[in-house]
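Asks: Sequence:
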Amino acid sequence: MTSARTKISPSRKLWSFIEMLAHRREMSDEDLAGIAHCSERTVVRDRVEPEKIPLARLMRYLSIGLTGNEIMKAIEFAYAEKEEDT
Numbered sequence: 038m039t040s041a042r043t044k045i046s047p048s049r050k051l052w053s054f055i056e057m058l059a060h061r062r063e064m065s066d067e068d069l070a071g072i073a074h075c076s077e078r079t080v081v082r083d084r085v086e087p088e089k090i091p092l093a094r095l096m097r098y099l100s101i102g103l104t105g106n107e108i109m110k111a112i113e114f115a116y117a118e119k120e121e122d123t
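Under the working numbering, think of the first position of the sequence shown as 38, with each following residue one higher.
Hints listed in this document are in silico derivations from the structure and should not be mistaken for laboratory results. Backbone N, C-alpha and C define an ideal beta-carbon position, used for all residues, glycine too. Do not take every clue at face value.
Below, simulated EDC-like cross-link-like pairs (lysine to aspartate or glutamate); rule was C-alpha separation at most 16 Å, straight line [said to hold, decoys possible]: (1) K119 with E77; (2) K119 with E67; (3) K50 with E107; (4) K110 with E67; (5) K50 with E113; (6) K119 with D68; (7) K44 with E120; (8) K44 with E107; (9) K50 with E118; (10) K44 with D122; (11) K50 with E77; (12) K44 with E88; (13) K44 with E121; (14) K119 with E88.
Derived DEER-like restraints, expressed as beta-carbon distance ranges [to be verified]: (15) D66 with E120: 13 to 23 Å; (16) E120 with S76: 27 to 37 Å; (17) M96 with S65: 19 to 29 Å; (18) M57 with G105: 32 to 42 Å; (19) G102 with R49: 15 to 25 Å; (20) I108 with G71: 30 to 40 Å; (21) E77 with R42: 26 to 36 Å; (22) E120 with R42: 32 to 42 Å; (23) D66 with L92: 32 to 42 Å; (24) K89 with D122: 14 to 24 Å.
Work out the full structure, taking the sequences as your base and the hints as a guide.
Replies: Take a look at the structure:
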């Protein structure tokens, strides 16, 4: 018997990573909004539809606790996973 594995999109994985960073720093949606230069409502929308986050805002979210090199590694990993799915 085989189990069905649910595929998690790279966008959703990146958002989960952002949530983990924010949780570690005990950041609220208001804090995230300040870092991303957007409203709390936008943070909520980004959580629901992470594939629609503009690149500039994504980079600001990722800067919560990452260096430029770490951000690039995360992006490369997500892109590689996307390429495997096609």
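Asks: Let me make sure I understand: some of the numbered hints might not hold for this structure. Which ones are they, in numerical order?
Replies: 1, 2, 4, 6, 8, 11, 15, 18, 20, 22, 23
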